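S.K.: Take a look at the letters that make up each chain.
Protein chains: 2
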Amino acid sequence: MASDSTTVSPVRPPQRILMAPGPTELPPTVIQALIAPLTGHKDPFFLSVMDDTARLLRQVFQTRNRTCLSLPGTGGAGMEAALTNLIQPGDTAVVCINGLFGERMAEIVRRCGGKAVTVTAPWGEPVDPDDVRRALRAERARVVMATHGETSTGIQQPLDEIGQAAREHDAMLVVDTVATLGGIRVVPDQWNCAICFSASQKCLSAPPGLAPITVSDDAMAYIRGRATPVQNWYFDLDFHDRYWFAEERAYHHTAPVLLTYALREAVRLVVEEGLDDRFARHKLHQKALTAGISALELDLFGNPTFRLPTVVAVRTPDAVDEARVRAELLNEFGVEIAGGLGAQAGKIWRIGVMGYSATQDNILLLLAGIETLLARQGYGNDTGAAVAAASSVYSAARGAAAAVAHTP
Amino acid sequence: MASDSTTVSPVRPPQRILMAPGPTELPPTVIQALIAPLTGHKDPFFLSVMDDTARLLRQVFQTRNRTCLSLPGTGGAGMEAALTNLIQPGDTAVVCINGLFGERMAEIVRRCGGKAVTVTAPWGEPVDPDDVRRALRAERARVVMATHGETSTGIQQPLDEIGQAAREHDAMLVVDTVATLGGIRVVPDQWNCAICFSASQKCLSAPPGLAPITVSDDAMAYIRGRATPVQNWYFDLDFHDRYWFAEERAYHHTAPVLLTYALREAVRLVVEEGLDDRFARHKLHQKALTAGISALELDLFGNPTFRLPTVVAVRTPDAVDEARVRAELLNEFGVEIAGGLGAQAGKIWRIGVMGYSATQDNILLLLAGIETLLARQGYGNDTGAAVAAASSVYSAARGAAAAVAHTP
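Residue numbers (our numbering), protein chains in the order written: chain A, 4 to 411; chain B, 4 to 411.
No lab work stands behind these hints, which were simulated from the structure alone.
All of these numbers come straight from a predicted model, not from anything done at the bench.
One thing to keep in mind: the hints can contain errors.
The list cannot tell twin chains apart, which means a pair is met if one copy fits it or any two copies do.
Simulated crosslink set (DMTMM-like; lysine to aspartate or glutamate; CA at most 25 Å straight-line) [said to hold, decoys possible]:
id, residue 1, residue 2
1, Lys118, Asp321
2, Lys290, Asp280
3, Lys118, Asp241
4, Lys45, Asp134
5, Lys350, Glu250
6, Lys286, Asp364
7, Lys118, Asp134
8, Lys118, Asp94
9, Lys45, Asp279
10, Lys45, Glu110
11, Lys45, Glu106
12, Lys45, Asp192
13, Lys45, Asp364
14, Lys286, Asp221
15, Lys350, Asp321
One chain only, chain A, in its complex shape (with noise of 0.2 Å):
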């Protein structure tokens, strides 16, 4: 990289193996779909590009929604669009947190003129419905918000009862699915959901830049009868409802087109894949991961009870400098992991076990490297036993053969 702008070269990035929690690698397809012929965000051809990636959405959120589309900004522009669009000034909405990611939803609503009652869990623990239930009987909340994969602990949170209550007291469920879309089950309709929403770049294995979500419609029917506009022009669902659904396909922005095609060429395999077949994918390579990362002697974080198969958080030994572990594994093995967030900073590693990414070769690369950057500062002996334990795993499951094969 030059350091003077007239003699930038052209980007020539390191070739990586993503195993962060997002984003991950991408399938060929999805870059073939990269750099299709770029066509006009109104041109009959993109129009059909949007229905067909609607209905393959549709299905991934295993929902009967009407209004299922890709929204132009990150995961977290999901969250800033289910928050605006249902909060009104004075609203109080109750938020679930246990991590980060419940932390920013706490935020936005305040953001919004609302009141966040918050139910917090330890890093680590989901949130109990109980503590849900008793929140909104002490207080009249229009939203409930919970996350069910949080990326920053790698916990799941159960949301059954917590949608059977907010439906009790006639509040709006709104679910952030960035970490489990496409790698576990996610049903908002059975949830109970008002709004749910994703990223592309996490287990779709789309490249980051679109956040796909779903609103039912009679959280639409709210947000058009809303008495005050929704205080966010870009992210007012009305106006992107009308643009992917309603007969006139009004403007509102120039649709992320060749994303779009990446993104709906993404959804396309994971149904192609078929959901269980992926969802049963992810739970294996975890299971030989988890398997490796036990034969190390590593602690994994977190309740084992609702530990995602998605996001896999290590406690990180006390005698050993994980940033460097980190960065060892990026500069010689060429592998991304993450580290910890907040209050986990330096304690814990966090491996993303995500669509394209979750293959055999990559979890025992992984393993191969984390067991020789620890032995390098004395932790361990580097004899093999992460590779061989997630092997057997591997072996064991070897019937099932289509799901360790690198393609899905």
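Following the hints, position chain B against chain A.
M.R.: Relative to the frame of chain A, chain B by itself:
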């Protein structure tokens, strides 16, 4: 396109020649950048790509501002971010309106809890700076907003006097350069801009999905010192500034990594071509296009003194079905142009002379197509007059050969 989602096939777009006012066609090296290996959003390599992009954007914006970055959204995201960061509830903003995008700014001001004092001019005319001065004398305004190039009308707004008026009244100037950055001279420092924003897919010829934006140091200080938090978490410019420029590169969102590679390459090409040469190229192709339009005895829309080189608005003949011409142009010639917006729907065509789409071959093909399709509806005789008129402009300019070739 399959109607059954279980049989959706990979995306296979038709090849289009993009002559609407964005998106434009993409230079080959921008397409290559899109499929360069994906890295994580905190990868040291990607952070250096952000650094390069910021440095190149500073040259394109001709600014000394530190804060010069791309937001993860479309041009509308740039507008939303500019206004939501500067306007606090109860603030007054003077909004120059002479087309659709001015109207949108006024709507966003109101959604921010601000009062929009509108200074209007008819569509096709620029706003009179004296009207802005009068509005500023009548009311204490926090912000003044103007659209440098109105994509809806093809009119260029002079900004020196408006910038001076804003400075005299201690108001912050926001300028929309979505239709102009990289196509004509854009000088936010000279105009005294607090914020100047654009879009990736117009004269810069990057794919749609990013909004380049620059913020003056004073405006950043104002944003950081606001009494009320920015009501929009996703577009809070302090977070973006810290991700792009702070020592800790604080995580805020997962950057659209591949779009950022592509934008970096697109602005690299702009700098490589040279701003003055690039502006001259846009003017030459506008001159050729309008010569052809005149040969067809069609009128241009709007005040001749203020017509943009980058968006040419053409009055459609009364006796012609203009939507049919556009549809046939797309289907038989593969060329996309745009229709009118708002009250001009059905009355004008809007033709982009932008970035990599602004070439001799595209202009000649477009004119040939329009002439043929107008004759089909009984308007004119398809004698080749339009192409001949444009060709003579190119012949006269042949001395400056570099400006005419397909590859700039």
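S.K.: Using 25 Å as the alpha-carbon threshold, which applies to Lys290 and Asp280: within, between, both, or neither?
M.R.: within (15 Å within a copy, 59 Å between copies)
S.K.: What label fits Lys45 with Glu106 when the C-alpha limit is 25 Å: within, between, both, or neither?
M.R.: between (38 Å within a copy, 21 Å between copies)
S.K.: Which holds for Lys350 with Glu250 at a C-alpha limit of 25 Å: within a copy, between copies, both or neither?
M.R.: The answer is between: 22 Å across copies meets 25 Å, while 53 Å in one copy does not.
S.K.: Tell me, please, which holds for Lys118 and Asp241 at an alpha-carbon limit of 25 Å: within, between, both or neither?
M.R.: both (24 Å within a copy, 23 Å between copies)
S.K.: How would you label the pair Lys45, Asp134 (within, between, both, or neither) given a Cα cut-off of 25 Å?
M.R.: Intra 47 Å, inter 36 Å, cutoff 25 Å: neither.
S.K.: Go through the copies and call it for Lys350 and Asp321: within, between, both or neither, with a Cα cutoff of 25 Å.
M.R.: Cα proximity of Lys350 and Asp321: one copy only (8 Å, versus 72 Å across).
S.K.: When no copy is named, should Lys118 and Asp94 be tagged within, between, both, or neither for a Cα gap of at most 25 Å?
M.R.: For Lys118 and Asp94, both the intra-copy (6 Å) and inter-copy (23 Å) Cα distances are at most 25 Å.
S.K.: At most 25 Å between C-alpha atoms: does Lys45 with Asp364 qualify within a copy, between copies, both, or neither?
M.R.: between (42 Å within a copy, 23 Å between copies)
S.K.: When no copy is named, should Lys286 and Asp221 be tagged within, between, both, or neither for a Cα gap of at most 25 Å?
M.R.: neither (34 Å within a copy, 51 Å between copies)
S.K.: With 25 Å as the alpha-carbon cut-off, assign the pair Lys118 and Asp134 to within, between, both or neither.
M.R.: within (17 Å within a copy, 42 Å between copies)
S.K.: Given a CA cutoff of 25 Å, do Lys118 and Asp321 count as a within-copy pair, a between-copy pair, both, or neither?
M.R.: neither (40 Å within a copy, 56 Å between copies)
S.K.: Is it within, between, both, or neither for Lys45 and Asp279, if the alpha carbons may be no more than 25 Å apart?
M.R.: Intra 35 Å, inter 32 Å, cutoff 25 Å: neither.
In terms of the numbered hints stated before, the structure departs from hints 1, 4, 9, 12 and 14, listed from lowest to highest.
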